[in-house]
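Protein chains: 4
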Amino acid sequence: MPDNPQKEQPRRRQARGERRIAQLLEAAASVFCSTGYTAASTNAIAREAGVSPGTLYQFFPNKEAIAIELGDRLMHEMRETYGEALAPVDPATPLETAVGAAIDRFIAFNCDHPVFFALMHGPDIPGRMAEEHDALHATLLSRIQDLLSSFLPDAPDAELTRTAQMCLGVYKAGLELILGHEGAERDAYVRELKAVLIRYLEPLVGDRLGIAPGATAGNTP
Amino acid sequence: MPDNPQKEQPRRRQARGERRIAQLLEAAASVFCSTGYTAASTNAIAREAGVSPGTLYQFFPNKEAIAIELGDRLMHEMRETYGEALAPVDPATPLETAVGAAIDRFIAFNCDHPVFFALMHGPDIPGRMAEEHDALHATLLSRIQDLLSSFLPDAPDAELTRTAQMCLGVYKAGLELILGHEGAERDAYVRELKAVLIRYLEPLVGDRLGIAPGATAGNTP
Amino acid sequence: MPDNPQKEQPRRRQARGERRIAQLLEAAASVFCSTGYTAASTNAIAREAGVSPGTLYQFFPNKEAIAIELGDRLMHEMRETYGEALAPVDPATPLETAVGAAIDRFIAFNCDHPVFFALMHGPDIPGRMAEEHDALHATLLSRIQDLLSSFLPDAPDAELTRTAQMCLGVYKAGLELILGHEGAERDAYVRELKAVLIRYLEPLVGDRLGIAPGATAGNTP
Amino acid sequence: MPDNPQKEQPRRRQARGERRIAQLLEAAASVFCSTGYTAASTNAIAREAGVSPGTLYQFFPNKEAIAIELGDRLMHEMRETYGEALAPVDPATPLETAVGAAIDRFIAFNCDHPVFFALMHGPDIPGRMAEEHDALHATLLSRIQDLLSSFLPDAPDAELTRTAQMCLGVYKAGLELILGHEGAERDAYVRELKAVLIRYLEPLVGDRLGIAPGATAGNTP
DNA sequence: GATGAATGAGGATTCATTCAT
DNA sequence: TATGAATGAATCCTCATTCAT
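Sequences listed follow chains A, B, C and D, in order. Following UniProt numbering, the numbering of the first sequence begins with 1 at its first residue and continues without gaps. Following UniProt numbering, the numbering of the second sequence begins with 1 at its first residue and continues without gaps. Following UniProt numbering, the numbering of the third sequence begins with 1 at its first residue and continues without gaps. Following UniProt numbering, the numbering of the fourth sequence begins with 1 at its first residue and continues without gaps.
FYI, nobody ran anything at the bench for these hints, they're computed from the structure. Be careful, since some hints might not be right.
[To be verified] Straight-line Cα separation of at most 25 Å, SDA-like style, residue types lysine to any residue; simulated pairs:
1) LYS172(C) / PRO53(D)
2) LYS63(D) / ALA158(D)
3) LYS63(A) / ARG128(B)
4) LYS172(C) / ALA158(D)
5) LYS63(A) / GLY100(A)
6) LYS63(B) / HIS121(D)
7) LYS172(C) / LEU136(C)
8) LYS172(B) / HIS133(A)
9) LYS172(C) / GLY83(D)
10) LYS172(C) / GLY122(D)
11) LYS172(A) / VAL190(B)
12) LYS63(D) / LEU136(C)
13) LYS63(D) / ARG47(C)
14) LYS63(A) / LEU136(C)
15) LYS172(C) / THR42(D)
16) LYS194(D) / VAL190(C)
17) LYS194(D) / ARG47(C)
18) LYS194(A) / PRO123(B)
19) LYS172(D) / GLY183(D)
20) LYS172(A) / GLY54(B)
21) LYS172(D) / ARG47(C)
22) LYS63(A) / VAL190(B)
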């Protein structure tokens, strides 16, 4: 005798439903890719999935929820594909190798799942991240932070976060350029992105080992 | 009824028109800032400007044109404010100084004209830059390229472009973080952005002079 | 697997069906109460009942049918609770007593079954009573008419009907006010409603007995 | 340079706009009458008015606003037609005459403006009056209260309100019956309604003059 | 019986743009 | 020029009802 209609029932789903959800997410991915997240309409997604709008709303309360679920599944798949870490945590690994590998993996993943880029696209107004992007962003951020912390175990948390934010931002920017080009040009941008990140992180890591890699770029005087 | 209607009316009309345009652009800037470019509606802009939608369309054929004109004027003002170059072209200037100054100027300009960020926001779909952003992007790019070329006179054009694209991308990413924070945190992000760019460019410049990179890139003089 | 499937299964099925129906009606009552009949959705009723929409339609062909059945059961329960008559039919009973008792009962019933009000709510368009309300209305009307006829045995049928309609209408109006208030205010409205009806009926009844009306109907003791 | 888009500008309107508004309100009245307020859709109203949905929304932010404006205009017209008072305020006027006249006027007004009934229709859930009906209800209530206070100058305010609420409720109920019938039957219901109200009010007024109209009708023995 | 999936027309509302005055 | 009116397709979302399993 439930009095509270609000309460989320765990909703037993049928196999057909699961298939529909997958189909809808696929359609959403396709639409997000071709029009961008903001311009994508739920009707367009339903149409692309070959179902009626009502069906879409049986599984998702709104566009945001679709994006969130899509992001969740993507992160899940990323984890399954590449394991918990994006790169070897062995601090002995040269930074260049680690970063290079991480970027290669990220890029490969992005090319396999082009919707990733659309979902990663930041807020139109700085500081006002919508929930749909926030979850994805936060997850990515924490993965990057984990990766960094293995190289910078002594860095204070705030700094680590800042560095991770910077890296993610730079990565997104680089990705945009990479995806916007093809062939040799694309490869060149990949190299460029790696260069930016490696050079950014190198001095920080160097500090860690007590190696003065030449001086550089600390935050503190 | 002015003394000399023949001569003055046409002028007046234009003067009034100019005022209208300025008024509309100001309103557009305000609306773009508070809702983002995509979500901004022409009706909202007209309302904000205190004119009717019809009036808006008397001066601009569509929303895109408003953004383009706004971008043009911003670039123009930038040029007027900071001169043709964003930084001293003297190649003797240490890179750190030059980049630091350029970024400081860019950021100052952005804070004075917050709409700049809204207009700079990249394409939702990589490779498909809308015309409204394209013009601004191209202009910025070429200014950066100019700046770079004074440091890297021997670099091939394609490489220069690539580096400029990278710099611009990184700058946008950094700006987003900067604008998304306040106070000390914001300052920290400013330092971080400078670090990323300086470290990225250092080796390129160093190569040029045969100097082993290894100096540079602190925040404090 | 029961011992005697032949005999018990059919029964069981019906028993289960009855339970389902009761469950659905209870849910419907709850939803009708909280949103009103018009705004109530069959999906919401099914959800509230903890069953699927399909199940609901196994027992009721449409929303209307639910309301009708609910109304029927309410009338049935009313009869069971208060007997065939709403008040003693003894014409010797003072009108005041009879009417007061009838109203008290009606109100008590309404408070026990708040959905009653939702179902009683008249037609949005005069003269076009929907079937769902019509049945309930007709039943109530005839009960009131019966009650009246014991006091006005000589009144022509048309007049009796008219008086009954008036009484029912007034009662509904009063009920709305009563339910819309609480505590002492509510009690005051109950007294007011009784006053209206008693004063309305008094002369009619008085006529019957040749008594010059002149007793009764103040608000204050 | 208005910063606040919320602020309601007084909106200079053109003559055409005024005509459209009138046309839309007329259409709304028609639709409210034929389907009831709740079931009426803005699209249907626009269609009835022969304009596009967008046009409707140029003048009204939503359905509620249409109802409110319609109600306002009706009350305005009522005042213009019948003057500030619904009936002579002369306390010497026999109650019967005054009430009879007031009801006749109300009914005449309702017959001229059948939408009045649709707008008067109370809340689906007692106590939760929607804004659109509330305004109309409050206005009517206060007019009735004014009328009553000329007959019951000594009654405390709370009682006056209660009596007015009762009268309004009874009136609505009666109106429903009246509009639901025609010809002689309708007339009979008009008489009946008058009887209810006059008999309800008579003792109250009688008290005022120190005339014991016979005693009572209290709740308690 | 029971379930959840599916429907699709219809709901309110918005918006870039055009038009008559 | 300037205005406010007008458009109509498109937006998101809901709901009574039916269907396959």
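Satisfaction of hint between ARG47(C) and LYS172(D), Cα-Cα up to 25 Å: 36 Å, violated
Satisfaction of hint between HIS121(D) and LYS63(B), Cα-Cα up to 25 Å: Violated: LYS63(B) and HIS121(D) sit about 46 Å apart, past 25 Å.
Given hint PRO123(B) paired with LYS194(A) - CA-CA distance at most 25 Å: 22 Å, holds
25 Å limit on alpha-carbon distance, applied to hinted pair LYS172(C) and THR42(D): 30 Å, violated
Satisfaction of hint between PRO53(D) and LYS172(C), Cα-Cα up to 25 Å: 37 Å, violated
Hint consistency between LYS194(D) and ARG47(C) [alpha-carbon to alpha-carbon, up to 25 Å]: This hinted pair is violated, its Cα atoms lying about 47 Å apart.
Restraint status (C-alpha distance of LYS172(C) to GLY122(D) at most 25 Å): Judged against 25 Å, a Cα distance of about 11 Å means the pair holds.
Satisfaction of hint between VAL190(B) and LYS63(A), Cα-Cα up to 25 Å: Not OK: LYS63(A) and VAL190(B) at ~35 Å, beyond 25 Å, violated.
Restraint status (C-alpha distance of LYS63(D) to LEU136(C) at most 25 Å): Violated, at about 31 Å.
Distance restraint between LYS172(A) and VAL190(B), which requires alpha-carbon spacing of 25 Å or less: 18 Å, holds
Pair hint LYS172(C) and ALA158(D), alpha-carbon separation not exceeding 25 Å: With a Cα-Cα distance of about 22 Å, the restraint between LYS172(C) and ALA158(D) holds, given a limit of 25 Å.
Pair hint LYS194(D) and VAL190(C), alpha-carbon separation not exceeding 25 Å: 21 Å, holds
Checked against the numbered hints above, the structure violates hints 1, 2, 5, 6, 9, 12, 13, 14, 15, 17, 20, 21 and 22; every other hint is satisfied.
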